[in-house]
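Protein chains: 2
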Amino acid sequence: MPDVASRGPGGLNVLTATEAAAKLRDGSATSVELVEHCLARIAAREPDVQAWAFVDRDIAFDQARARDREQPRSPLHGVPVGIKDIFDTCDMPTAYGSQIYKDHRPANDTAVVSLLRLAGAVIMGKCVTTEFASPVPIGTRNPHDLKRSPGVSSSGSAAAVADFMVPLAMGSQTGGSTILPAAFCGVVGYKASLTGIDRGGIRHLRPTIDTIGLFARSIEDIALLRSALVGAEKATFDLDASRVRIGVCRTPYWGEAQPETVQALERAARALSAAGAEVTDVELSDVFAGIEDSFRVIVRLEGARAMEWEARHHLATMNHWLKRELDPAGRPDEAQYERAQAHALECRRALAKLFERCDAIITPSACGEAVADLESVSNSAFNRVWTLMRGPCLTIPAFNGPNRMPVGLQVVGPAGNDDLTIALADWIAARLDRST
Amino acid sequence: MPDVASRGPGGLNVLTATEAAAKLRDGSATSVELVEHCLARIAAREPDVQAWAFVDRDIAFDQARARDREQPRSPLHGVPVGIKDIFDTCDMPTAYGSQIYKDHRPANDTAVVSLLRLAGAVIMGKCVTTEFASPVPIGTRNPHDLKRSPGVSSSGSAAAVADFMVPLAMGSQTGGSTILPAAFCGVVGYKASLTGIDRGGIRHLRPTIDTIGLFARSIEDIALLRSALVGAEKATFDLDASRVRIGVCRTPYWGEAQPETVQALERAARALSAAGAEVTDVELSDVFAGIEDSFRVIVRLEGARAMEWEARHHLATMNHWLKRELDPAGRPDEAQYERAQAHALECRRALAKLFERCDAIITPSACGEAVADLESVSNSAFNRVWTLMRGPCLTIPAFNGPNRMPVGLQVVGPAGNDDLTIALADWIAARLDRST
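Going line by line, the protein sequences match chains A and B. Everything in the first sequence is counted per our numbering, starting at 1 for the first residue and increasing by one. Everything in the second sequence is counted per our numbering, starting at 1 for the first residue and increasing by one.
Put simply, identical chains are the same to the list, so a pair is met inside one copy or across any two.
Below, a list of computed lysine-lysine pairs in the DSBU-like style, where the Cα atoms sit at most 30 Å apart: (1) K353 - K23; (2) K353 - K234; (3) K147 - K102; (4) K23 - K234; (5) K147 - K323; (6) K323 - K102.
Derived from the structure by calculation, the hints contain no laboratory data.
All chains should be modelled from the sequences, with the hints used to inform the complete structure.
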């Protein structure tokens, strides 16, 4: 991955979660020391990066001290994790990026937060989310270049992991909210299958779209975090190059791809072919025509239902995108919603057929490197359709753009095949030529 | 399965979901006809059984007509499903069995309900739940004998499926709320792994305990319903008798088992051994001592958090069990909660070791056949520990008790191994001698 200007003291905070966990296990570091180094990095960089909605030293250290006194609860024991502020936490404020909830203290944890606590993770704090995870930036900056966007809406989660403030973070994705910021910030992002990681207790849930996302600095760390969340052992796979089949999908949005993205995908295809994989071009068939409109209908109607109370009582506090989104004028009706869902289903079927011919698809993670724009609504053209298709997606920080900003490669798998897709992404990452 | 006194006209409502779906597919029946037969059965039997909190003919027929006009969305297309009234539905009232919410109309569906709609299922209505899924009965009666309990808390879901009112129903389990009513009503019940079926959008969630449960009249139907909910193809397994390893676990509660339960487990063990499986006795090790107390601490503290608002404003409306449960006097503190979770983790580790020696455990589903008592708090002794262990559990309606009431056999698998455990339950069910 690209170097961030300064990593700070080169302390424990630069380790991956897997590396840090090994040190905790063999006694060469404690959770308190790890948290201390992460907090020092946050203190040094937060004024510039603005990745955190809430961090409290005492709450973090209390957890770390308690973990250090215990037998390990899981391989993730003692490792700090940042939590997108869209997820409830019973011991920290949860504002969903909204003025309405600025002093909100939920009584309960979202299920993923509970599960992380039970695995012995240290809940480090709340990472900045845009307002109700909408695509309007909210102040966080890209650690690689503070004038550039970190991507939205899990902006703080991606920036905090990229800037070595924390090895792991939780996010979510409705359009491109995990893959896009991970790609912009040069970390590994993983959006689960729709129901691949439990969504229990999420407020304002759009039940057929909102999906859990994870951030880390290695794919191994993604597998580690996922295993803690699903309560199963880390899966292992024997991948034989001669039997790996990769589809290269340029998508109907290829015209929006910047030169660095075009080059990244072409180079990846060549490298995987050279490594012995069967690499073929695949296309989203005609049935995908208009899928963007169907996506919009579904997001808009489910969003209106999910934020009904907030829209009725607090619309004036909301950003311009949400105001338009929640305006009853132009809201799709049930028949349009049904048609949109039927269209999405047709597309999922077409995609399932396509996955009979390949094990995973490689496709752009974003149009190009992070934009030098901290205010505009983000472009998730290369993400929305995959979210709607419900399968696992990872972005690998594979290449660099013209401004030395990271450029990701996206790996997409069939819905429900998360463990195999993560293993394939790892196999792919090891075979990319990143020399430029 | 035992015969219910009268199945009604012997119409489409007596078919399993798999059988009904085949008829819809080959055009020999329509979803409207299927719904009609189910509604006729409900009309005939509901005054006695009291399985439904809400059914509306128009809402059900509207969905069925729409499904009949469409291409099938999934193998479940057009099949009616009952929904425990603990899950939100955007088009039907949702009262959680509580006076507080008697006119509550949620704006949104719980995620599982959305996913069922997208799979083309007909949401038939809301099945009776006890108040906030507490273990206090609320009026539903066992279709096999109206003087007997249907089990709690997913009472309506179990009774409706058993009584041929609907082929499938959704429930949940915190103690024994799926396995117990399924066993009492003589249907197949399946409690998923904790995070094995998405819990998005569930109100009053106890994040480390509340688990999704399914009800059907065949194990094949359970696999069908599960596949619609997780968005993956139905898994298939080649099970070779000579390699199936079954552990027989009598548990520390064996003393509470009635003669019919003792006999059922012994007969099942003999039959599986005769079928060629490796059958061994297994015991929950000493580390499980006191696990009941740990379970109580976790349920009580998470329940208090989840129902904080209701307890503050509406305690007077609640049943005696909830009043005691939500009383701040005697509430465990955080340190007790941490110790209880640490204990549960130790037990999960011990159980994982045990699962190195067997593929699945067979154990009682309940103390005995359904009790002739429609008022007392239920005994989930054979269920709570498995809920806390987070693995998949199924109950198979395998045997009969002294009063010709059903007696179930419970099959328990390792957390995360739901598909294999369902396949093993199917393998086991086919090999049981049910001659008495």
